[in-house]
Amino acid sequence: MCSYITEIVAISGSGKGRNDWTTLDKAVIYYDHPVHAPFDHALNIDFTNSVTNERVAVELSAQSARDLIARIEAALNSGDSVHLGSQDAIREKLAGGRQADRMIEHVPPFI
Amino acid sequence: MYRNLVCKEVLYQGHGNQTKNAYFAAPEGPGPFPAVVFIHHLPGWNEVCIETVRRFAHHGYMAISMNLYSAYGEGDADDIGARARADGGVSDEQMLGDVAGAAAYLRAQAGANGKVGVMGYCSGGRQAFLCAGRLPDLDAAIDCWGGRVMVKDASALNANQPVAPIDYAKDINCPLLGLFGNDDKEPDPDQVNKTEEILKALGKTYEFHRYDGAGHAFFDWSRPSYRPEQAMDGWKKIFAFLGKHLA
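These protein sequence lines are chains A and B, in that order. Note that this note's numbering gives residue 108 to position 108 of the first sequence, counting from 1, and the numbers run on in steps of one. Note that this note's numbering gives residue 1240 to position 240 of the second sequence, counting from 1, and the numbers run on in steps of one.
Treat the hints as calculated values from the structure; they're not laboratory data. Fair warning: this is a prediction, and the values are worked out from it, not measured in the lab. Check before you lean on any hint, since a few could be wrong.
[Unchecked claim] The calculated lysine to any residue pairs, modelled on SDA-like cross-linking and capped at a C-alpha distance of 25 Å, are:
no.: 1; chain 1: A; residue 1: 26; chain 2: A; residue 2: 9
no.: 2; chain 1: B; residue 1: 1185; chain 2: A; residue 2: 45
no.: 3; chain 1: B; residue 1: 1185; chain 2: B; residue 2: 1139
no.: 4; chain 1: B; residue 1: 1194; chain 2: B; residue 2: 1139
no.: 5; chain 1: A; residue 1: 16; chain 2: B; residue 2: 1079
no.: 6; chain 1: B; residue 1: 1185; chain 2: A; residue 2: 26
no.: 7; chain 1: A; residue 1: 16; chain 2: B; residue 2: 1078
no.: 8; chain 1: A; residue 1: 26; chain 2: B; residue 2: 1158
no.: 9; chain 1: A; residue 1: 26; chain 2: A; residue 2: 52
no.: 10; chain 1: B; residue 1: 1185; chain 2: A; residue 2: 60
no.: 11; chain 1: B; residue 1: 1170; chain 2: B; residue 2: 1104
no.: 12; chain 1: B; residue 1: 1185; chain 2: A; residue 2: 16
no.: 13; chain 1: B; residue 1: 1185; chain 2: A; residue 2: 36
no.: 14; chain 1: B; residue 1: 1152; chain 2: B; residue 2: 1185
no.: 15; chain 1: B; residue 1: 1185; chain 2: A; residue 2: 63
no.: 16; chain 1: B; residue 1: 1185; chain 2: A; residue 2: 64
no.: 17; chain 1: A; residue 1: 26; chain 2: B; residue 2: 1139
no.: 18; chain 1: B; residue 1: 1152; chain 2: A; residue 2: 62
no.: 19; chain 1: B; residue 1: 1200; chain 2: B; residue 2: 1237
no.: 20; chain 1: B; residue 1: 1008; chain 2: B; residue 2: 1113
no.: 21; chain 1: B; residue 1: 1204; chain 2: B; residue 2: 1220
no.: 22; chain 1: B; residue 1: 1185; chain 2: B; residue 2: 1196
no.: 23; chain 1: B; residue 1: 1185; chain 2: A; residue 2: 29
no.: 24; chain 1: B; residue 1: 1185; chain 2: A; residue 2: 41
no.: 25; chain 1: B; residue 1: 1244; chain 2: B; residue 2: 1055
no.: 26; chain 1: A; residue 1: 26; chain 2: B; residue 2: 1018
no.: 27; chain 1: A; residue 1: 26; chain 2: B; residue 2: 1075
no.: 28; chain 1: B; residue 1: 1185; chain 2: A; residue 2: 77
no.: 29; chain 1: B; residue 1: 1185; chain 2: B; residue 2: 1197
no.: 30; chain 1: A; residue 1: 26; chain 2: B; residue 2: 1200
no.: 31; chain 1: A; residue 1: 16; chain 2: B; residue 2: 1244
no.: 32; chain 1: B; residue 1: 1185; chain 2: B; residue 2: 1173
no.: 33; chain 1: A; residue 1: 26; chain 2: B; residue 2: 1088
no.: 34; chain 1: B; residue 1: 1185; chain 2: A; residue 2: 65
no.: 35; chain 1: A; residue 1: 26; chain 2: B; residue 2: 1091
no.: 36; chain 1: B; residue 1: 1200; chain 2: B; residue 2: 1158
no.: 37; chain 1: A; residue 1: 16; chain 2: B; residue 2: 1084
no.: 38; chain 1: B; residue 1: 1170; chain 2: B; residue 2: 1134
Extracted from the complex, chain A is given alone in its bound form (with noise of 0.2 Å):
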């Protein structure tokens, strides 16, 4: 299916690339063709750095991208239990928490 439906999120972080670690600014997610992983249809995800370019990209079985998606929320449940009072949460708090890394864009479909 060449439904290149786009999701486009900011984030905050770093990953490591092709070289070395770089910071991460956006996430682009898309479930259609992947370059790498042996399916038709993969869910992909670049984390990029939007000044550099950078990129690292994974491509995820529809089922492992939904059984990471309940994953990355235990952890983070699990962490916020046990990190609450750290500086990072107060940080992340001070920021606005997780809720500012808000959906910046829907990138309609395209071919």
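With chain A held as given, fit chain B onto it using these hints.
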């Protein structure tokens, strides 16, 4: 078959008269040779494009594949494709300008017979169909499993792709070849049938071939979707079609 080829990266004048890069291949010799413009799919201007262009040259055609993403700079094809995707892809107008420029480049080559066809896979198949309706100088068009030639709802249209290619079917004035897998979801068999009904009602010259046991991208030897028997029959259909209409 032509075993001695001329293959090289070239510059041509694309959309907006901008100088852009492309890959060109042709048989050695005086010609005359028919020509093909190959449109790359959305994931990028990759090795498949180079191989496809060389394949056409091996069979006696001049061929060119334009880098639709030349504005995104140099780098691995998948990285450049990712940047283009994040921007919403190239517009239909840019693509049409680039194909028209590439076709003009081919016609200007020594040894060209003056006839030019266009072909593409996947998103390139959709674009080839669109070219057939929008570029009146083309002599043949080949749509390989192009999705969204016909859109299921208007939300699939946007600023870059504002009109469904099927809406230009009435303007097609070159023969059209379509290759499709019956297990494909986009275009699914129903969409292919409806497209064919429209072409038939309009009195257009076309050939549609549908393959059982194949889905999307069944030519792509690097993916699980590859179906060798259907792919090789598809290539026979392509060369028979071009031999008939570009000679």
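Comparing the hints with the structure gives:
| no. | hint | verdict |
| --- | --- | --- |
| 1 | A:26 / A:9 | 6 Å, holds |
| 2 | B:1185 / A:45 | 22 Å, holds |
| 3 | B:1185 / B:1139 | 29 Å, violated |
| 4 | B:1194 / B:1139 | 24 Å, holds |
| 5 | A:16 / B:1079 | 15 Å, holds |
| 6 | B:1185 / A:26 | 30 Å, violated |
| 7 | A:16 / B:1078 | 18 Å, holds |
| 8 | A:26 / B:1158 | 22 Å, holds |
| 9 | A:26 / A:52 | 12 Å, holds |
| 10 | B:1185 / A:60 | 20 Å, holds |
| 11 | B:1170 / B:1104 | 24 Å, holds |
| 12 | B:1185 / A:16 | 36 Å, violated |
| 13 | B:1185 / A:36 | 21 Å, holds |
| 14 | B:1152 / B:1185 | 12 Å, holds |
| 15 | B:1185 / A:63 | 19 Å, holds |
| 16 | B:1185 / A:64 | 22 Å, holds |
| 17 | A:26 / B:1139 | 44 Å, violated |
| 18 | B:1152 / A:62 | 24 Å, holds |
| 19 | B:1200 / B:1237 | 20 Å, holds |
| 20 | B:1008 / B:1113 | 20 Å, holds |
| 21 | B:1204 / B:1220 | 29 Å, violated |
| 22 | B:1185 / B:1196 | 17 Å, holds |
| 23 | B:1185 / A:29 | 21 Å, holds |
| 24 | B:1185 / A:41 | 11 Å, holds |
| 25 | B:1244 / B:1055 | 18 Å, holds |
| 26 | A:26 / B:1018 | 30 Å, violated |
| 27 | A:26 / B:1075 | 19 Å, holds |
| 28 | B:1185 / A:77 | 38 Å, violated |
| 29 | B:1185 / B:1197 | 19 Å, holds |
| 30 | A:26 / B:1200 | 47 Å, violated |
| 31 | A:16 / B:1244 | 53 Å, violated |
| 32 | B:1185 / B:1173 | 28 Å, violated |
| 33 | A:26 / B:1088 | 15 Å, holds |
| 34 | B:1185 / A:65 | 21 Å, holds |
| 35 | A:26 / B:1091 | 23 Å, holds |
| 36 | B:1200 / B:1158 | 28 Å, violated |
| 37 | A:16 / B:1084 | 22 Å, holds |
| 38 | B:1170 / B:1134 | 10 Å, holds |
Comparing the model with each earlier hint shows violations of hints 3, 6, 12, 17, 21, 26, 28, 30, 31, 32 and 36; every other hint is respected.
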